[in-house]
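What follows is each chain in one-letter form.
There are 2 protein chains.
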Amino acid sequence: MSALSSLPPALASLSTDLTITDSDIIAGYLRDESRFTEAGTPLAVLAPRTTDEVATCLRACHEAGIPMSTRGAGSGLSGGANAVDGGVVLTLHRMNTVVEIDRANRLAVVQPGVITCDLRAAVAEHGLYYPPDPGSVDFCSIGGNVSTNAGGMCCVKYGVTGDFVLGLECVLADGRIMRTGRRTRKGTAGYDLTGLLVGSEGTLAVITEVTVRLLPAPGQPHTLVASFPTLDGAGQAVAAIVDAGITPSMLEILDRTTVQAVDSMTRMGIGDDTAALLLVQHDGVDAPDVLAEVEQHCAGHGADVVVSSDPTEADMLLEARRQALPALERLGDWLLDDVCVPCSRITELIAAIEGIAQRTGLTIGVFGHAGDGNLHPTVIYDKTDPASRDAALEAFDAITQKALDLGGTITGEHGVGRLKTEWLRREQDPVNMQIHHLVKQALDPTGILNPGAVLLAQA
Amino acid sequence: MSALSSLPPALASLSTDLTITDSDIIAGYLRDESRFTEAGTPLAVLAPRTTDEVATCLRACHEAGIPMSTRGAGSGLSGGANAVDGGVVLTLHRMNTVVEIDRANRLAVVQPGVITCDLRAAVAEHGLYYPPDPGSVDFCSIGGNVSTNAGGMCCVKYGVTGDFVLGLECVLADGRIMRTGRRTRKGTAGYDLTGLLVGSEGTLAVITEVTVRLLPAPGQPHTLVASFPTLDGAGQAVAAIVDAGITPSMLEILDRTTVQAVDSMTRMGIGDDTAALLLVQHDGVDAPDVLAEVEQHCAGHGADVVVSSDPTEADMLLEARRQALPALERLGDWLLDDVCVPCSRITELIAAIEGIAQRTGLTIGVFGHAGDGNLHPTVIYDKTDPASRDAALEAFDAITQKALDLGGTITGEHGVGRLKTEWLRREQDPVNMQIHHLVKQALDPTGILNPGAVLLAQA
Chain P
1 MSALSSLPPA LASLSTDLTI TDSDIIAGYL RDESRFTEAG TPLAVLAPRT
51 TDEVATCLRA CHEAGIPMST RGAGSGLSGG ANAVDGGVVL TLHRMNTVVE
101 IDRANRLAVV QPGVITCDLR AAVAEHGLYY PPDPGSVDFC SIGGNVSTNA
151 GGMCCVKYGV TGDFVLGLEC VLADGRIMRT GRRTRKGTAG YDLTGLLVGS
201 EGTLAVITEV TVRLLPAPGQ PHTLVASFPT LDGAGQAVAA IVDAGITPSM
251 LEILDRTTVQ AVDSMTRMGI GDDTAALLLV QHDGVDAPDV LAEVEQHCAG
301 HGADVVVSSD PTEADMLLEA RRQALPALER LGDWLLDDVC VPCSRITELI
351 AAIEGIAQRT GLTIGVFGHA GDGNLHPTVI YDKTDPASRD AALEAFDAIT
401 QKALDLGGTI TGEHGVGRLK TEWLRREQDP VNMQIHHLVK QALDPTGILN
451 PGAVLLAQA
Chain Y
1 MSALSSLPPA LASLSTDLTI TDSDIIAGYL RDESRFTEAG TPLAVLAPRT
51 TDEVATCLRA CHEAGIPMST RGAGSGLSGG ANAVDGGVVL TLHRMNTVVE
101 IDRANRLAVV QPGVITCDLR AAVAEHGLYY PPDPGSVDFC SIGGNVSTNA
151 GGMCCVKYGV TGDFVLGLEC VLADGRIMRT GRRTRKGTAG YDLTGLLVGS
201 EGTLAVITEV TVRLLPAPGQ PHTLVASFPT LDGAGQAVAA IVDAGITPSM
251 LEILDRTTVQ AVDSMTRMGI GDDTAALLLV QHDGVDAPDV LAEVEQHCAG
301 HGADVVVSSD PTEADMLLEA RRQALPALER LGDWLLDDVC VPCSRITELI
351 AAIEGIAQRT GLTIGVFGHA GDGNLHPTVI YDKTDPASRD AALEAFDAIT
401 QKALDLGGTI TGEHGVGRLK TEWLRREQDP VNMQIHHLVK QALDPTGILN
451 PGAVLLAQA
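Chain order of the listed sequences is P and Y. Just so we're aligned: 119 in the working numbering is position 119 of the first sequence, and the numbers increase by one with no gaps anywhere. Just so we're aligned: 358 in the working numbering is position 358 of the second sequence, and the numbers increase by one with no gaps anywhere.
Please keep in mind that the hints were generated in silico from the structure rather than gathered at the bench. It is possible that some hints are incorrect.
Pairwise CB distance ranges, derived in the manner of DEER restraints [claimed, not checked]:
#: 1; chain 1: Y; residue 1: V99; chain 2: P; residue 2: G245; range: 34 to 44 Å
#: 2; chain 1: P; residue 1: G245; chain 2: Y; residue 2: E313; range: 24 to 34 Å
#: 3; chain 1: Y; residue 1: P216; chain 2: P; residue 2: G332; range: 25 to 35 Å
#: 4; chain 1: P; residue 1: E348; chain 2: Y; residue 2: V99; range: 33 to 43 Å
#: 5; chain 1: Y; residue 1: E313; chain 2: P; residue 2: P216; range: 41 to 51 Å
#: 6; chain 1: Y; residue 1: A104; chain 2: P; residue 2: S264; range: 33 to 43 Å
#: 7; chain 1: Y; residue 1: Q296; chain 2: P; residue 2: A292; range: 28 to 38 Å
#: 8; chain 1: Y; residue 1: D232; chain 2: P; residue 2: P216; range: 17 to 27 Å
#: 9; chain 1: P; residue 1: T50; chain 2: Y; residue 2: S264; range: 37 to 47 Å
#: 10; chain 1: P; residue 1: G300; chain 2: Y; residue 2: P216; range: 18 to 28 Å
We treat Cβ as the ideally placed atom computed from N, Cα and C, and that holds for glycine.
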């Protein structure tokens, strides 16, 4: 009660059931999983259960000028959910209901706190499929996925989170509730405010309900793993697959550093002569034919190839991909990047990163979504050593710059957050950034929504 | 020259090569193909050849406060390209170059005046596929497609125009040039300004270049036509197809009125006992299996079914769909609507429209995209008869209201234009409309871009 009584009146007037001021509990809500991002000390954590409660929280913060960071599961990797000094953290984990599954119209309505894998499981019971599968699918939330326009391994065939969002309910900065979008497959009635909110990382509104499009359940995928003696061979195989008009449902790459880290952890015996590993799945009725063609392209570029249609065996084949980040984490502290380049440039990017690793003296493992050019270079450093930290940041910057130089983007699926605000200004032209600020002003005129994320104070 | 000298100085100072003031020529640029929309008398038509010339035109109009309607091919059906009194019409038909086709990264860069079928043909030469295929595909432009987020028959499998737009170059109201988006498959660097501009119908910026995502060329489609003795049978067959998890590459419906109109024009002999016609295509490697399954669902609901894998025969089978609007046009003046409802409600909508036709004493043919619930009820009336005009508007309103009542939207693919500005306010909540106006103000503070389209003067 003493903590509560020290709150500004606007917050103190909120139901105590909504408001968490215990500093031990607050400590768990200060930041997401990113590195090198700032997190402040909030006054309180607010945990609403309904849209009306979210509106109440926003009205209070708006009137008192209290900044708000919104948080889903806190699994973000760019600092988008980090707390702000003197602000509040709004956590949506209590709003975790799958409101509706409409099989006839292939859609679902969900609250933002629903864990992504729970939505996937719920719709699977109706023979339906929600494709987006970020690496954090087992613990991230739909609201966070929408806010960052999250991707995953499915994107090469199915697209990203935003491709599945039909409509939203949200609460604006001043507490007003707004609906956007529709329940129909098509619609062009007015501006695409749904699309504007997707990927806006809590800076324009708080999303309180999401209507997602679903697909029929796909077939059981067939799986292929190809071990290449050279990086160029893997790159040429990817190019050949694309050139042949093949769109597999998964096309992942692991570089030599990552393969060796996985091998040293798991003793799989894949590390010795492997310069790059491709992992490919296809879930169409033509899976056997498609993977036979993929196998030819891989073998033609020098790879050893294993193919399986057995789910258990496929699961084992994918283990190397699943263990990529855990294996790299064992090597030290990690700084995970997320850049996306045109597919044809991925081997150039990986080769450049090898050079950056040599120059900075750091280990950098690269893995990610070769099928759409979205890679996750992972810089290993020692956070207790200032020189190592500096080197990690230097490597991170060099990688991000290289992605831009190759015609790519600074973030494929993690978002800008607080990690890449400076980089956003390098990617987008000054006029584009000015329009960003005008849009922000239009929706959040007093700037209380997630200040410091996406946009810097000045255009 | 006398016409030019009567122009305001801002326009008179533009290169005469850009400026058309001959009233006979201007007459061809006054409006699109919509009915019941207002078109004013412009001062001039401006026909730039480059982005810089577009910027010059906008700077001139911005400084002098001259409103501008932007026009692609003028094939729109909602009045979005109509001229405004005292304004200019900016026509982009001279900017009609396919700038780049990048096969390795499956993308193309095109100017807005490129005719949609020309882009489709150009990329097909590289073994690639640009799916969006509005009914006007042979004469509409990519810029217009992007501005209205146009659809077509492909959408049930492939999605709408916006699903293929990766990035844009545009000119803002004050003449500044802005780039949005990217060339990569994925990207979440900042707000989705690309998506905001898609479907904004020339009210937020003038689009001067479009980067589109492409797909590998699909297989030769197999085609099925099913003639149903009852409307309910057709609706139940569509529901059964969806329920079976089938996503064909085309799933079109024609109602009894449309079938009879087609039959009376073409003497195909399909009209007598047909209450509804379904036309289905599938272009996957599994086309034979999928269409066999579709055939079962159709036959199970009482249909006579014809299937063909032969392209020439398929072309003949689709003739009824192609002739739907021409056949209805023969019956009188027409007012073409564009509503979209959840797929499960299409027979309810069609049945309601039969009732509306009886009540108003008008012929109303319904055809469209059953697979995504996007139908085009076409009201036949006599424009020389005020009572018939009133009845047509009454029917149009009743149909649009019914679509909203069924959980649908006022426009699936034609856009709001000047035809449905009042209806937009009925579909969207007041807060949503206020945000529309704030976004409009942010991008076009003096309101010169296409005034009267999408938004009414006041929220």
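Tested hints:
no. : hint                           : verdict
1   : V99(Y) to G245(P): 34 to 44 Å  : violated (23 Å)
2   : G245(P) to E313(Y): 24 to 34 Å : holds (26 Å)
3   : P216(Y) to G332(P): 25 to 35 Å : violated (42 Å)
4   : E348(P) to V99(Y): 33 to 43 Å  : violated (23 Å)
5   : E313(Y) to P216(P): 41 to 51 Å : violated (29 Å)
6   : A104(Y) to S264(P): 33 to 43 Å : holds (35 Å)
7   : Q296(Y) to A292(P): 28 to 38 Å : holds (30 Å)
8   : D232(Y) to P216(P): 17 to 27 Å : holds (24 Å)
9   : T50(P) to S264(Y): 37 to 47 Å  : violated (57 Å)
10  : G300(P) to P216(Y): 18 to 28 Å : holds (19 Å)
This entry does not satisfy hints 1, 3, 4, 5, 9, going by the numbered hints stated previously.
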